[in-house]
Amino acid sequence: MSYGAVALLLFPGMARPRLHDPDAVLDAAESLAAEAGPAAVTIRAVAASAGVSNGAIYHSFGSRAALVARTWLRAAHRFLAMQTESVESALATGDPTDAVVAAADALAVFADRSPQSARLLSTVSRDQLIGADLPADLAAELMATDRVLVDLMIRLARATWDRGDAAAVDVITTCVVDLPTAILLARRRLDDATARTQLREAVGAVLAVGPPARRQSRSQRR
Numbered sequence: 669m670s671y672g673a674v675a676l677l678l679f680p681g682m683a684r685p686r687l688h689d690p691d692a693v694l695d696a697a698e699s700l701a702a703e704a705g706p707a708a709v710t711i712r713a714v715a716a717s718a719g720v721s722n723g724a725i726y727h728s729f730g731s732r733a734a735l736v737a738r739t740w741l742r743a744a745h746r747f748l749a750m751q752t753e754s755v756e757s758a759l760a761t762g763d764p765t766d767a768v769v770a771a772a773d774a775l776a777v778f779a780d781r782s783p784q785s786a787r788l789l790s791t792v793s794r795d796q797l798i799g800a801d802l803p804a805d806l807a808a809e810l811m812a813t814d815r816v817l818v819d820l821m822i823r824l825a826r827a828t829w830d831r832g833d834a835a836a837v838d839v840i841t842t843c844v845v846d847l848p849t850a851i852l853l854a855r856r857r858l859d860d861a862t863a864r865t866q867l868r869e870a871v872g873a874v875l876a877v878g879p880p881a882r883r884q885s886r887s888q889r890r
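In the working numbering, the protein residues as written are 669 to 890.
Treat the hints as calculated values from the structure; they're not laboratory data.
Quick list of simulated restraints, FRET-style, between CB atoms:
#, residue 1, residue 2, range
1, E869, H727, 49 to 55 Å
2, P803, R712, 17 to 23 Å
3, A760, R815, 19 to 25 Å
Glycine included, every Cβ here is placed at the ideal spot set by N, Cα and C.
Make a model of the complete structure from these sequences and hints.
Written out as structure tokens, the structure is:
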């Protein structure tokens, strides 16, 4: 048992260690995860890197799992905000194809601006973080990141074809998720200009084909 834990037992009124800069701790955790994988993110390693006590991290984040999840969430929120901003900017010009390309290319742009955050998102999946020792509210926050992306893809489908049905959104998913994964992520080519050009061309080709025609209901066929 650490000295701090003993002190709290003997003197329960004693103030708990405070964490003055949570972002410094998240920066340290992100750096460790990006450089050596999520297993390298231990409370001791993060505390040493951030210059805070183990107790301060436990008090602020509750557990190692929660710390890693918070680190991932911060990176995800930053990425989604940047992606949404890029889409909004493209839609303002009136060209939905450019908006879909912007959404597809967003991770490459993010990797250039925030390489450690992008590396974390590309090597650690959200589902890896959800476990029995994670608080329910934090698990729910992790799950909610999907909704942001889905809403964005629905908006892109409506902007492109004036449709928000499953078939239309599926085409956008191919462009925004499947193609970047296959062309950039799987081959570790986020910083490859040729690969990004290939991605843009592939997105344009998929959008040109578009979704299948809507199925008519029985009442419409009569």
